[in-house]
Amino acid sequence: MAHPLQLGFQDAASPLMEELLHFHDHALMIVILISVMVLYIIVAMVTAKFTDKLVLDSQEIEIIWTILPAIILILIALPSLRILYLMDEIDNPHLTIKAMGHQWYWSYEYTDYDELGFDSYMIPTQDLHPGQFRLLETDYRMMAPVGSSVRVLISSEDVLHSWAVPALGTKVDAVPGRLNQTTFTISRPGVYFGQCSEICGANHSFMPIVVEAVPLKCFESWSSLILQEA
Numbered sequence: 293m294a295h296p297l298q299l300g301f302q303d304a305a306s307p308l309m310e311e312l313l314h315f316h317d318h319a320l321m322i323v324i325l326i327s328v329m330v331l332y333i334i335v336a337m338v339t340a341k342f343t344d345k346l347v348l349d350s351q352e353i354e355i356i357w358t359i360l361p362a363i364i365l366i367l368i369a370l371p372s373l374r375i376l377y378l379m380d381e382i383d384n385p386h387l388t389i390k391a392m393g394h395q396w397y398w399s400y401e402y403t404d405y406d407e408l409g410f411d412s413y414m415i416p417t418q419d420l421h422p423g424q425f426r427l428l429e430t431d432y433r434m435m436a437p438v439g440s441s442v443r444v445l446i447s448s449e450d451v452l453h454s455w456a457v458p459a460l461g462t463k464v465d466a467v468p469g470r471l472n473q474t475t476f477t478i479s480r481p482g483v484y485f486g487q488c489s490e491i492c493g494a495n496h497s498f499m500p501i502v503v504e505a506v507p508l509k510c511f512e513s514w515s516s517l518i519l520q521e522a
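Count the sequence shown with the working numbering and you get residues 293 to 522, in order.
Simulated from the structure, these hints should not be mistaken for lab results. It should be emphasised that the depicted structure is a prediction, and the values quoted were computed from it without experimental measurement. For glycine and all other residues, C-beta sits at the position ideal for the given N, C-alpha and C. Fair warning: there could be bad hints in the mix.
[As the list claims (entries may be wrong)] Below are the DSSO-like pairs computed for lysine-lysine, each with C-alpha atoms no more than 30 Å apart in a straight line: (1) Lys341 x Lys463; (2) Lys341 x Lys390; (3) Lys463 x Lys509.
[Claimed, not checked] With beta-carbon atoms standing in for the labels, derived distance ranges: (4) Pro296 x Ile355: 25 to 35 Å; (5) Pro468 x Leu313: 29 to 39 Å; (6) Phe301 x Leu420: 18 to 28 Å; (7) Phe425 x Thr358: 48 to 58 Å.
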């Protein structure tokens, strides 16, 4: 999860988020180089003592400052398009989970199992245990197996919501009457926090998302236990 005064992204927990981090570093380096060059030109123009103020045409410099920005845009656009296609790729998921947004909580349904579903409410501050995070912990976490392709179908029953987990590189709007989807593969076990990223009402900041990634055997044991309790 994020830390105070953190400037960068959270550590990647999925291959897609790793691609996003690499693209961010790639684009940021280009922006830094352009900014340094522009700053140098501004300083040079302000401090230089011109001896000849006649404006002369230069065909070469015209060609350079036309072609160079085009090359820079291509270097940014091609990796960006590649990641956009990767984000929309749904390739034979091992598990499908339906996430429904409500005012103000999430409900999850594991469509590959019979009657496996639950509501996920934020734990009030007065009920938190030592080590739990305020405004981020939920009474029931969305469980997912590590190393398996997980598809999440996202919709809403009332207003606009947004299902977002930064460490997994996912952020999908939950629109009433529309079914959106996203997919991710979690690289390592852990607990990953997110929040509704759409201003959905008075309690918008009180509907967190918690995804707990566990090994496949632990996930199967958890699902069997939940089905027995149901």
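Hints, verified against the model:
As the CA atoms of Lys341 and Lys463 are separated by approximately 53 Å, the hinted pair breaks the 30 Å bound. A hinted pair counts as satisfied when its Cα atoms are at most 30 Å apart, and Lys341 with Lys390 does not qualify at roughly 67 Å. Between Lys463 and Lys509, the direct Cα distance comes to roughly 28 Å. Compliance with the 30 Å bound is thereby established for this hinted pair. For the pair Pro296 and Ile355, the beta carbons lie near 49 Å from each other, so the given range of 25 to 35 Å is not met.
Distance hint check: the CB atoms of Pro468 and Leu313 are about 33 Å apart, consistent with the given range 29 to 39 Å. Restraint check, Phe301 to Leu420: a C-beta distance of roughly 26 Å satisfies the suggested window 18 to 28 Å. Evaluation of the 48 to 58 Å hint for Phe425 and Thr358 yields a pass: the beta carbon distance comes to about 52 Å.
This entry does not satisfy hints 1, 2, 4, going by the numbered hints stated previously.
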